[in-house]
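Q: If you read the sequences in order, they're chains P and G. The first sequence begins at 1 in our numbering and counts up one residue at a time. The second sequence begins at 1001 in our numbering and counts up one residue at a time.
By construction, these hints were calculated from the structure, which means they are not laboratory data. The structure presented is a predicted model; accordingly, all values stated were derived computationally and were not measured. A portion of the hints provided could be inaccurate.
[Said to hold, decoys possible] Ranges between beta-carbon positions, derived for each pair:
(1) D98(P) - A1196(G): 53 to 59 Å
(2) L171(P) - V1083(G): 41 to 47 Å
(3) S1159(G) - R11(P): 25 to 31 Å
(4) V252(P) - G1022(G): 42 to 48 Å
(5) D98(P) - R1206(G): 55 to 61 Å
(6) A253(P) - V1090(G): 52 to 58 Å
(7) D1091(G) - S180(P): 44 to 50 Å
(8) V1083(G) - H80(P): 44 to 50 Å
[As the list claims (entries may be wrong)] A partial selection of chain P residues facing chain G, derived with a Cβ cut-off under 8 Å:
(9) G163
(10) A165
(11) V173
Ideal placement from N, C-alpha and C gives every residue a C-beta, glycine not left out.
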Amino acid sequence: MTHTSGTRRARTDRLVSWAGALAFAGLLAPVLGLVLWSLLEALALGGFELRLFAALVGSLELCALALLFGLPTGLLAGLHVAELAGPRVARAVRMIADVLAGAPPLLFGVLVHSTVASFTGASSLLPSALALGLFIAPAMARATEELLSLVPEGLREAALGLGLAPWRVVLFVCLPSVRSSLGGVALALGARALGEAAPLLFTAGAVRGLGAAVFGDSPSLALGLYASMSSADPAEQGKAWAAAFVLLVTVVAASALGRSVGERRA
Amino acid sequence: MSASARAKVVVEDLRAWFAAPGRPASEATSALSGVSMRFAENEVTALIGPSGSGKSTLLRCINRMHEVTRGAGVGGSVRLDGVDVYGAKVDPVEVRRRIGLVFQRPNPLPMLSVRENVLAGFRLAGEPVPQAEELVESMLRRVALWDEVKDRLDRPGTSLSGGQQQRLCIARCLALRPEVMLMDEPCSALDPVATARIEELLNELRSKITIVVVTHNLQQAARVADSTAFLHQGELIEHEPTSVVFTNPRDPRTENYITGRFGRTTGS
Ligand SMILES: Nc1ncnc2c1ncn2[C@@H]1O[C@H](COP(=O)(O)OP(=O)(O)OP(=O)(O)O)[C@@H](O)[C@H]1O
Ligand SMILES: [Mg+2]
Chain P
1 MTHTSGTRRA RTDRLVSWAG ALAFAGLLAP VLGLVLWSLL EALALGGFEL
51 RLFAALVGSL ELCALALLFG LPTGLLAGLH VAELAGPRVA RAVRMIADVL
101 AGAPPLLFGV LVHSTVASFT GASSLLPSAL ALGLFIAPAM ARATEELLSL
151 VPEGLREAAL GLGLAPWRVV LFVCLPSVRS SLGGVALALG ARALGEAAPL
201 LFTAGAVRGL GAAVFGDSPS LALGLYASMS SADPAEQGKA WAAAFVLLVT
251 VVAASALGRS VGERRA
Chain G
1001 MSASARAKVV VEDLRAWFAA PGRPASEATS ALSGVSMRFA ENEVTALIGP
1051 SGSGKSTLLR CINRMHEVTR GAGVGGSVRL DGVDVYGAKV DPVEVRRRIG
1101 LVFQRPNPLP MLSVRENVLA GFRLAGEPVP QAEELVESML RRVALWDEVK
1151 DRLDRPGTSL SGGQQQRLCI ARCLALRPEV MLMDEPCSAL DPVATARIEE
1201 LLNELRSKIT IVVVTHNLQQ AARVADSTAF LHQGELIEHE PTSVVFTNPR
1251 DPRTENYITG RFGRTTGS
């Protein structure tokens, strides 16, 4: 090894790490920019007010209910495809889940609005949560199936070899071995549902700006943001920016939490 | 195999194959082509043969683990106490509980501690274990692991060394009190001392349960087995009392193998 080739390698190393840092900054900039921009706009227009937190709580409620619908459904569907279904059924369910996961979220709102919503009357919480649940379930199903397919064959065999019923092996050996990854996926999906306004356009009843939201009305932050931002009133726009800021911070925090839960070793 | 001994397991015209996913069985690779043999009750039977001769496959067919592999198929019959374990009314879960298998590769359950690994067969089946602590200690003592792990019973089973994991898996299998115990190269990762202890264990268990042990260590087969069977390319070449196989083999292929003239590779 000569001296020159050594320094050249060091220089290449430095170049590559700089390029990496630059690319990272390129990805980070829009996120930070958006957070800062919304914060400044909201402050300038006096958008922060207590009602915002009512909306946030409403959003979180809605999100929790949606997870309650979507996660178990997705989990069971994923389990079924991975462990029980024959190859033909598995392929069909997988395709349906992929189509649903890729469908415009708006459509879930339309679907729920045109079917269930006519029975639930004035309440908008239930149909909204259903629409978001439909949005979550297919992604959860695919993630469950994929994670289960990564469970090493040796682990499954070890448990079956002990004379355990197959359903016990899935429930008490395979699922626990991927539980932290599943938790991460669930949180990430929760974060996505939190920021989603489109499925709610049809289910939330009248789309009102954040200024109109009152306690107990279970308004959605994302939907309110959409409505307020479209308003010509600068005060409403300020509220929208404030909502954007709160939403961004919450989603980033939830995603980060999901990531760290997912990476924790079981 | 003494003439008087009752047969605990009878294998008849056993065929086993592996098909690639989505391919017809006609294109499958055959691992066993018509094996017929009897395993005497409460005796130790050794299975020897070159790598790839079908020893592991034979064990896995006996306790219905073979079918767990994707694309794997089986034909013929395996009778346990006269009942075909492949019969329509037989639950494979029950078969695996009565016929324990110690796998070729040690496979402690990674999310369970050393202690819970010993109890895994009960705990994961939702069965209560009376005097669990005593059971754990006595099982770990029987496989000569207690002194090495008694201070780290709460560490993950996978934190043990390869040889320790191998003994942990034997303990886990033994704890379930199987009627038949199938052991696939149980000493492959063990040092001479631990190996000697496992051989002692086999001697203790003889006359209590039926044991089938796969080994590449011919001296070990000679030391522990009442009878020895030689497998070659998916066929049973001969199965005789151990002394006969090692001193006066009937088939030239057996003789070639035990004198080291072909195919004597270790492990895989
Ligand atoms: N999962 C599998 N898929 C396809 N073929 C397999 C599989 N497992 C084993 N085989 C094939 O079946 C035959 C018998 O394999 P088996 O594992 O029973 O041999 P073995 O006698 O136990 O060998 P070793 O002494 O190396 O453990 C071999 O030809 C092998 O290639
Ligand atoms: Mg083998």
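Q: Starting from the hint list further up, note which numbers the structure goes against and sort them upward.
A: Checked against the structure, the hints that fail are numbers 2, 3, 7 and 8, while the rest are satisfied.
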